[in-house]
Each structure stands twice: as structure tokens, then as C-alpha cells.
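K.L.:
Construct the entire structure; sequences and hints are all you get.
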Amino acid sequence: MKIASFNINGIKARLEALTAWLTEAAPDVVVLQEIKSVDENFPREHFEAMGYRVETHGQKAFNGVAILSKLPLADIRRGLPGDDSDEQARWIEAVVDGPRPIRVCGLYLPNGNPVPGPKYDYKLAWMARMEVRVRELLATEEAFVCLGDYNVIPQAIDAAKPENWTTDALYLPQSRDALRRMENLGLTEAVRTRLPGPGVYTFWDFQAGAWERNNGIRIDHVMLSPQTADRLEDAGIDKATRGGDKPSDHVPVWVRLAA
DNA sequence: ATGGTCGGTCTCCGA
1 MKIASFNING IKARLEALTA WLTEAAPDVV VLQEIKSVDE NFPREHFEAM
51 GYRVETHGQK AFNGVAILSK LPLADIRRGL PGDDSDEQAR WIEAVVDGPR
101 PIRVCGLYLP NGNPVPGPKY DYKLAWMARM EVRVRELLAT EEAFVCLGDY
151 NVIPQAIDAA KPENWTTDAL YLPQSRDALR RMENLGLTEA VRTRLPGPGV
201 YTFWDFQAGA WERNNGIRID HVMLSPQTAD RLEDAGIDKA TRGGDKPSDH
251 VPVWVRLAA
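Residue 150 in the numbering used here is what sits at position 150 of the first sequence, and the numbering runs on without skipping anything.
These are computed hints drawn from the structure, not numbers from a lab.
You may find that some hints are simply not true.
Stated by the list, open to error - In the DSS-like style, the derived pairs of lysine-lysine whose C-alpha atoms are separated by at most 27 angstroms in a straight line are:
no., residue 1, residue 2
1, Lys36, Lys239
2, Lys36, Lys60
3, Lys161, Lys119
4, Lys246, Lys60
5, Lys119, Lys36
6, Lys70, Lys36
7, Lys70, Lys246
8, Lys70, Lys2
9, Lys36, Lys2
10, Lys119, Lys60
11, Lys246, Lys2
12, Lys60, Lys12
13, Lys246, Lys12
14, Lys2, Lys12
15, Lys161, Lys239
16, Lys36, Lys12
17, Lys70, Lys239
18, Lys246, Lys36
19, Lys12, Lys70
20, Lys239, Lys12
21, Lys246, Lys161
22, Lys2, Lys239
Unchecked claim - Beta-carbon label-pair distances, calculated as ranges:
no., residue 1, residue 2, range
23, Lys60, Ile157, 33 to 39 angstroms
24, Glu45, Leu185, 37 to 43 angstroms
25, Phe206, Glu48, 27 to 33 angstroms
26, Glu163, Pro72, 43 to 49 angstroms
Quick caveat: nothing in here was measured; it's all calculated off a predicted structure.
For each residue, glycine too, the CB sits at the ideal point set by N, CA and C.
P.N.:
Right under this line is the structure:
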């Protein structure tokens with residue numbers, strides 16, 4: 001079972017690059033972030049023709065998440081619980097209904113800049129709400145994965161130039177501590193486990209030649225519940241997609257779990 | 001050296 005995450009930065013602009021990657025990487029399940037589309041405009045038939053079930057949670061212009069799955073999906077839930085006034089489409093979850101069901105939570109965590117300000121407050125509040133959901137899921141003892149664009153740089157080795165990020169919402173102690181709290185509850189960060197060294201990035205800014213200078217950061221993560229961590233066979237980052245035609249600023253991250 | 005580039009509701013905003 002291969003499960004992946006890809007912040008595509010606009011489904012309309014990324015249809016070709018996403019299709020090429022799907023064909024090559026052939027994940028069983030992929031969660032997408034920043035589809036930047038309402039549900040009605042998402043090209044679901046295109047992906048259904050490729051053998052995927054499609055569930056979206058979109059909004060106009062910004063944000064938006066989706067799940068594509070070759071296996072049936074059940075118990076689909078849209079939106080992160082805990083704040084009925086939150087209208088940003090950043091969370092979708094579903095149970096992938098295979099021989100060993102796995103709940104897949106796809107997330108687009110708020111960026112949080114500028115700091116200080118309401119956007120940073122929203123980020124930290126959102127992470128606190130996510131921690132509540134993670135605690136609920138851990139209590140059920142079901143197998144689950146929370147993956148997506150976390151917009152958090154966990155450690156200094158996760159940035160080419162950590163000194164450039166010391167006042168940024170992606171790297172401030174409050175953001176990193178909130179991520180660490182979820183790990184400490186019992187989640188395993190899969191890519192770090194398999195690729196423990198420095199220089200492993202998932203995002204290179206479009207600006208200032210970040211890709212050409214390999215000025216990257218690692219902010220897309222795959223967090224495994226104890227039941228799925230026991231099944232982790234491999235994890236990786238498809239860095240080459242960043243150098244392709246009309247790339248996203250993020251690249252896909254993936255895990256392979258024992259059947 | 002205070003720049004630079006994407007995508008979308010497109011001459012502004014979010015990243």
C-alpha cells in the first residue's frame with residue numbers, strides 16, 4: 001500500500017504535472033493540498049478515468065484538499081473539528097477500505113505568517129484542534145495516517161539555511177513544539193525515520209532561484225499511528241518533480257506500508 | 001545586494 005501527499009498549488013495549473021507523476025509513481029492513495037478549486041470545478045472525471053475514487057473539500061481561490069484512492073473510501077469527513085466558524089478548507093479524512101482498513105487524514109496546515117498576528121494565532125489554534133483529533137483517533141486504536149503540508153520545519157537540519165527562518169511561523173518554537181507534541185503522543189514521522197540525515201527537502205520557493213541553489217525546506221510530512229508505523233516498509237520524496245515542466249513549489253512525499 | 005515568482009477571484013492577495 002503506497003500512500004502519498006502532494007501540495008499541487010492549483011489543480012488547473014498542475015493537471016499535466018500531477019497526471020505525469022501519478023502515472024509514474026502509481027500511489028494507491030494520494031492526498032492533495034492547495035487544489036485552489038471549488039468541488040464543482042475539480043476535474044474528477046479525469047482522475048476517475050485513471051482508476052481513482054475522488055473526494056474533494058474545496059473552496060474558491062485558496063486552500064482546498066482532496067483524496068484520490070484506487071480503493072473504496074468510507075466515512076469521508078470534511079473539515080477539522082473544533083471551530084464551526086472556520087471556513088478554510090484544510091482537512092479531509094476517509095477510511096481506505098482494503099483488507100486492512102486505514103484512515104487517511106489529508107491536511108493543509110496554515111502557513112501562519114506574518115508573526116505576530118491573527119494568521120499565526122490561527123495556525124497555533126489549528127494545531128491545537130488537530131492534536132485533539134489525533135488524541136481521539138489514537139484512543140480508537142485504529143490504523144491511521146495524517147499526512148500533508150504541515151508548514152512546519154521540525155529541526156535545523158530540515159532547512160538549507162535555518163538562520164533565514166528564525167522569525168518565521170514555519171520554524172518558531174511554538175509551531176515546532178506543537179508538531180513535537182503530536183509526535184510525543186505516539187505518531188511516527190515516516191520520512192525522518194527512513195531519511196534521517198540533512199538535506200532532505202520537500203519545498204523550494206519559486207522566488208530567488210531557491211531550486212537552482214537547493215535552498216529548500218522540509219515541511220510536508222507523513223505521520224503514522226502506532227498500528228501503521230509497525231507496517232512501514234519505505235518512505236521517500238520525489239524530488240525530481242520539482243525540476244519538471246510547470247512544477248509545483250512542493251514535491252510529493254510517500255510511504256509504503258506492508259500489505 | 002532588501003531583490004525575486006508563482007496561481008488565482010488577476011493591476012491585488014497569499015504563499
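K.L.:
All hints, please: hold or fail.
P.N.:
Results for each hint:
1. Lys36 to Lys239: 23 angstroms, holds
2. Lys36 to Lys60: Satisfied, since the Cα-Cα distance of roughly 6 angstroms is no more than 27 angstroms.
3. Lys161 to Lys119: It holds: about 24 angstroms lies between the C-alpha atoms, which stays within 27 angstroms.
4. Lys246 to Lys60: Since the Cα atoms of Lys246 and Lys60 sit roughly 22 angstroms apart, the hinted pair holds (cutoff 27 angstroms).
5. Lys119 to Lys36: Holds - the C-alpha atoms of Lys36 and Lys119 are around 19 angstroms apart, at most 27 angstroms.
6. Lys70 to Lys36: 23 angstroms, holds
7. Lys70 to Lys246: 26 angstroms, holds
8. Lys70 to Lys2: 10 angstroms, holds
9. Lys36 to Lys2: Cα-Cα ~25 angstroms, so holds.
10. Lys119 to Lys60: 19 angstroms, holds
11. Lys246 to Lys2: 25 angstroms, holds
12. Lys60 to Lys12: With Cα atoms ~13 angstroms apart, Lys60 and Lys12 stay inside 27 angstroms; holds.
13. Lys246 to Lys12: It holds: about 11 angstroms lies between the C-alpha atoms, which stays within 27 angstroms.
14. Lys2 to Lys12: Status holds; Cα separation ~25 angstroms.
15. Lys161 to Lys239: 18 angstroms, holds
16. Lys36 to Lys12: Holds - the C-alpha atoms of Lys12 and Lys36 are around 8 angstroms apart, at most 27 angstroms.
17. Lys70 to Lys239: 24 angstroms, holds
18. Lys246 to Lys36: The given pair, whose Cα atoms are some 16 angstroms apart, holds under the 27 angstroms limit.
19. Lys12 to Lys70: 22 angstroms, holds
20. Lys239 to Lys12: Measuring from Cα to Cα gives roughly 21 angstroms; hence the hint holds.
21. Lys246 to Lys161: 25 angstroms, holds
22. Lys2 to Lys239: At roughly 17 angstroms apart (the allowed maximum being 27 angstroms), Lys239 and Lys2 satisfy the hint.
23. Lys60 to Ile157: 33 to 39 angstroms: 38 angstroms, holds
24. Glu45 to Leu185: 37 to 43 angstroms: 39 angstroms, holds
25. Phe206 to Glu48: 27 to 33 angstroms: With a Cβ separation near 31 angstroms, Phe206 and Glu48 satisfy 27 to 33 angstroms, so the hint holds.
26. Glu163 to Pro72: 43 to 49 angstroms: Given a distance of about 47 angstroms, which is inside 43 to 49 angstroms, the answer is holds.
The structure agrees with every numbered hint stated previously.
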